[in-house]
Amino acid sequence: MSKNILNLDPSFFLSRPEDISDIYNLHYQDKLKLCKIISIFQESIDAKSIDESVTKLSQAYSILGSFETFYSQKYLTLTGSLKKWEVEDYDCYFDVKREQAKNSSAFLVIRSILIAYKTFLNLRCFIQKENIDNPLLIWKRYHWLFFVFVQGNILCMHRLKKEMRKESMIQVGVILKSMSKLMLASGASMIFAGTPEHQEYENGIRPTMMPPNVNSADFSGLMSYDHAYLINLWNQEKKLFKLIPSFLSPAYEEFLKAHEFLALSHKFVCQKYGGDQTGSLRENRVTALENLEKINNSRRRTIISSDHQLLNPHSKLILTDESEYEEYIKSGFRCYG
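The opening position of the sequence shown corresponds to residue 183 in the working numbering, with each subsequent residue numbered one higher.
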């Protein structure tokens, strides 16, 4: 196995969610280049062996090459309780750096995907087999995958809005299926992020999310700008979900079921780390689990057509073989094809 490709990236370079689009203005040669990269990337995902997957991924990196970027100075477009310094604090904790490309953000997006998949190979096929014990690394790096899948859902929301207005319902069905796969991949990323044992979390992870390791005294996933941006899109476009035609009900129900899996995955990790007994770093007046269930249903209201589709508070995740969650993640990456 090539150790040149399976290294531990110190930082994860992401676009601002505002720069994510379903259409990029590209020169013809750049289009060909990106299509070639995506094609080889798909071959890497579908490879029959780890060595073949690594080789293909290395080829994709080689074709991408280097391109000029600069630090993103953009201000946040979202208003509300989320502050700029909180977003920066959250990004800094997870080793995320925001950049802009001189020519097109499409290159940044594809680079993020390649880094995330390399990280996935690293964690599943290298760290795991070498039995490297680093709970904090596992916690942070699986969040990288989560961020990429959230950005994928942002891209899908832009497309959903456009295709619904064009009444291209066949495409709407395709997009809903992609959103479902990305949601399942997000949930699987959370499950793997929660691999460390309870005591490892208490001693080696939770303290790193408290001052002086971070600036925020109430550090929380609510400080994730990508996720906040996606939820804001759901709020803005919630009428779209009520306009999905009945013949697309199976695809829509699949999407809601995928969201339930994501919510239950988050709930599972929260409960594993004592969230059913204590409050979170941000809210300690109720248990972290109670607060999470309230937040999950608040978000779900933006994508459902009636209250009977709200989450059942008694539902729990039934864990299956890890290979199933690995396939969820691979399917999430395939959506970028």
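Some clues are possibly wrong.
Stated by the list, open to error - Derived lysine-lysine pairs resembling BS3-like cross-links, with alpha carbons at most 25 Å apart:
| id | residue 1 | residue 2 |
| --- | --- | --- |
| 1 | K213 | K343 |
| 2 | K420 | K454 |
| 3 | K343 | K420 |
| 4 | K322 | K343 |
| 5 | K439 | K512 |
| 6 | K439 | K424 |
| 7 | K498 | K215 |
| 8 | K424 | K476 |
| 9 | K476 | K421 |
| 10 | K424 | K238 |
| 11 | K344 | K266 |
| 12 | K512 | K420 |
| 13 | K344 | K454 |
| 14 | K348 | K265 |
These aren't lab readings, by the way, just hints derived from the structure by calculation.
Tested hints:
1. K213 to K343: Holds - the C-alpha atoms of K343 and K213 are around 24 Å apart, at most 25 Å.
2. K420 to K454: The hint is violated at about 32 Å.
3. K343 to K420: 10 Å, holds
4. K322 to K343: 32 Å, violated
5. K439 to K512: OK: K439 and K512 at ~19 Å, within 25 Å.
6. K439 to K424: Holds, because 16 Å separates the two Cα atoms, which is no more than 25 Å.
7. K498 to K215: Violated, because 45 Å separates the two Cα atoms, which is more than 25 Å.
8. K424 to K476: 22 Å, holds
9. K476 to K421: Satisfied, since the Cα-Cα distance of roughly 22 Å is no more than 25 Å.
10. K424 to K238: Measuring from Cα to Cα gives roughly 42 Å; hence the hint is violated.
11. K344 to K266: Given pair K344, K266 is violated - Cα atoms ~29 Å apart, limit 25 Å.
12. K512 to K420: 28 Å, violated
13. K344 to K454: 40 Å, violated
14. K348 to K265: Given pair K348, K265 is violated - Cα atoms ~36 Å apart, limit 25 Å.
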